[in-house]
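Peer 1: Work from the hints to combine the two standalone chains into their complex.
Chains A and B are the protein sequences, given in the same order. Under the working numbering, the residues of the first sequence are numbered 1 to 254, in order. Under the working numbering, the residues of the second sequence are numbered 255 to 339, in order.
Honestly, the hints are just simulated from the structure, not real lab data. All figures in this text were calculated on a predicted structure; none of them were measured in a lab. In this text, a Cβ means the ideal position worked out from N, Cα and C, and glycines have one as well. All clues given are correct.
Now the stretches of chain A that chain B is said to cover, found in silico as 3 or more residues with beta-carbon under 8 Å: (1) 38-52; (2) 68-82; (3) 89-98; (4) 216-223; (5) 228-242.
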Amino acid sequence: MSDYNTHDYEGMIAETITIQSRKGDFVNAYIAKPLGKGPFPSIVLVHHLPGWDELYKEFTRKFAHHGFIAICPDLYFREGNGTPDDVAAEVRSNGGISDEQAIQDFLGASDYLKSLPVSNNKVGIFGTCSGGRHAFLAGCSSNEFDAIIECWGGNVVMSDDALTEKQPTSPSSLTSSLSAPLLGLFGNEDVSPTPEEVNEHEKLLRDNNKEYKFHRYDGAGHGFMYYHTPLYRQQQSVDAWEKILDFVSDKLRS
Amino acid sequence: MCTMISEKASVKGSGKKSKNWIPLDSCDIYYDHSTYVDCEHSITLSFKNDMNPIDSRITVEITPESAKDIIEKINAALRKGNHLS
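Looking at chain B on its own, in the form it has when it is part of the complex (with noise of 0.2 Å):
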């Protein structure tokens, strides 16, 4: 069966959908059986605005090893850009 590992975050933020922005709210994110992407499980995220939770959502697959790269490079530009804020 696909799994059911299911996170969710909180979000204050904003996304593009076709060619408008829409706040979000939260994000869900699984680690399931591809749906596209090319490899056997994959993390999905899948932003949303808890106003509107099916229609809103903003949805990326991308394979575990993209998801680890993807947070060390969040960190490292968190880390860059700490002092501005």
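Next comes chain A alone, as it looks inside the complex (with noise of 0.2 Å):
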């Protein structure tokens, strides 16, 4: 993590945008840059089941305030407007959102991302929870990105029963496609990814020779970054923080 000293200048400019889906259509990202004339690395992140809500637009602003280009597609822009709670709610009472739908967001995002004069042209993706699973995917199908963080991702690892319309591929089963660094953190406790699960996960990744680093922690499980839920667990989260930003200035300053 960069050394924060309290006489140092910051600033940065975070606000809704539109954005150009890969895909061809236009949804709302968030976005969030340090001032000043860069080059700046970027991230895209990926926003868990709950939505695009509060605390994912504060991740984008926490990456920002570390030196990084941030940026937030609402995945769920297409299924109405209301608060984040409910438009969830609705997604999810419509079996989610398609895997094609939202590698082709990242991709607008990241097209969104390298067009901006202060890019370096680097950009890593980032998403906890559904947003894990997303982030891992993508960095499987396609060579867009150069760093992935996978935060607790549930059903990468996929029995073929679990495979339906709009998540018709174990993201596992792609493993020999990842192309990128990946960073895993996962909870020991979490029952999605069960630590079973985050086994074959890693086995696939040492099988294909891809270069990772997995991070596992005892007294915490899903979400233990969520410090708005009765999930957080402090020392873990801010640890697990440390390892992020570290891994993120390694792929992507440089």
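Peer 2: In structure tokens, the structure reads:
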């Protein structure tokens, strides 16, 4: 993590913008950009199943605070307008969003980031929960990203009977196509993914000679970085953020 | 990842949203990580009017134990009131 000195000047611009998905249509996105001429590395944030919420906008600004241009597309934009909770409930009621559509939105977000004059053309992708799964899937489905951060991505390892029209492929089956270094963070008390599923995920990475780092926390379950929920685990969360920021600095600043 | 354990029930009823009653057509029921209630997983009941499925939602989140107790008490109330309908 970069050092923070109290006399350092800092500032950012954070706002809602519209970006074009590679699908061709337009969706909202929240972007946070450090002030300055850069060049800055970039991060696409993939929000979790509870939606495009305040937490993810805070995460977006956190990356900008540490010197990254960060963007978080609203993956549920097409489902309608309302509070994040209510929109997410409607998405859930409709069986979720398709993997293919989500990937097209991430690629559109990356296109936008790389078009900025202050970009250093390196882009990472970060996600938690369903967003962790999506981040890994994006890294296996394209060569667009230079670093992948998967936080407790459940259903990365899927059995055939869990596949659906919207989730037609188990991300783990695409491991050989992973195109960037991966950081994985997991809680050992999680039930999705279970430690056994994380073992299987790691075995596939190892068997395919992929560059990865996994950190598994005792005393933590799912969502241990969600400070606004009962899932929060303070020490594990602080350590995880240090590992995330060290990883993206290493992979995206050089 | 959060679960996609979700069920949907048809509803003929009404609910109070802020100061006004609104007609309700269905209820999404899901089992997932808690948003607010202090437990790992909870049952969420999200009632809605299908003509306005986002803004109309009236949602409660309860522990699985509370859900079981409510099911039991609803059945008890139905048994007691059955002769009136």
